[in-house]
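Undergrad: Sequence:
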Amino acid sequence: MVVDRLGTTFAALSDPTRRAMIERLSHGPAAVHGLTEPFALSQQMISKHIAYLVRARIVIKTKRGRESVCTLRPAAIKTVSDWAVSYRRFWEESFDKLEVVVNQMKKAEVRDDK
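Each number in the working numbering corresponds to the 1-based position in the sequence shown with 368 added.
Treat the hints as calculated values from the structure; they're not laboratory data.
None of the values given here were measured: they were computed from a predicted structure.
Hints are not guaranteed to be accurate.
Calculated lysine to aspartate or glutamate pairs in the DMTMM-like style (CA-CA distance at most 25 Å, straight line) [as the list claims (entries may be wrong)]:
hint	residue 1	residue 2
1	Lys429	Glu391
2	Lys446	Glu460
3	Lys416	Glu391
4	Lys465	Glu477
5	Lys474	Glu460
6	Lys429	Asp372
7	Lys475	Glu461
8	Lys446	Asp372
9	Lys446	Asp383
10	Lys429	Glu405
The whole structure should be built from the sequences, with the hints applied where relevant.
TA: Given below as structure tokens:
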């Protein structure tokens, strides 16, 4: 179900460490060891973060010899972007309608003052 995937994706994106990992992977695939370097976290915690990203289908983890390599799946992020765009349109239309009402109120106020 799309909503469940979207919820899982949002949950994965809610953590700053996972967002930093996604940022790093946006520049290309990286070995798991390479993803651990900038963080003051144990290998076990990093593995849990990566597993969360894999479950959310944001990252693909593959084996290359003895090394595990993570690759970003941009389609998962695009799903979030598409969802947000639809709400952005809703809010922009709402703000446009509000602007019309406010302008009408200002004009009425000016007329009342005269």
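Undergrad: For every hint, state whether the structure bears it out.
TA: Quick rundown of the hints versus the structure:
As the CA atoms of Lys429 and Glu391 are separated by approximately 16 Å, the hinted pair is consistent with the 25 Å bound. Taking the CA atoms of Lys446 and Glu460, the gap is about 20 Å. The hint holds against a cut of 25 Å. The straight-line distance between the Cα atoms of Lys416 and Glu391 is roughly 17 Å, inside the 25 Å bound, and the hint therefore holds. Proximity of Lys465 to Glu477 is assessed by CA-CA distance (about 19 Å); at most 25 Å being required, the pair is judged to hold.
Our distance criterion of 25 Å between C-alpha atoms is met by Lys474 and Glu460, whose separation comes to about 21 Å. The hinted pair formed by Lys429 and Asp372 meets the criterion: a straight-line CA distance of about 21 Å does not exceed 25 Å. Among the hinted pairs, Lys475 with Glu461 is consistent with the structure: their alpha-carbon atoms are about 21 Å apart, no more than 25 Å. Restraint check for Lys446 and Asp372: satisfied, since their Cα atoms lie roughly 16 Å apart, inside the 25 Å limit.
With a C-alpha separation of about 18 Å, the suggested pairing of Lys446 with Asp383 holds against the 25 Å cut-off. As the CA atoms of Lys429 and Glu405 are separated by approximately 18 Å, the hinted pair is consistent with the 25 Å bound.
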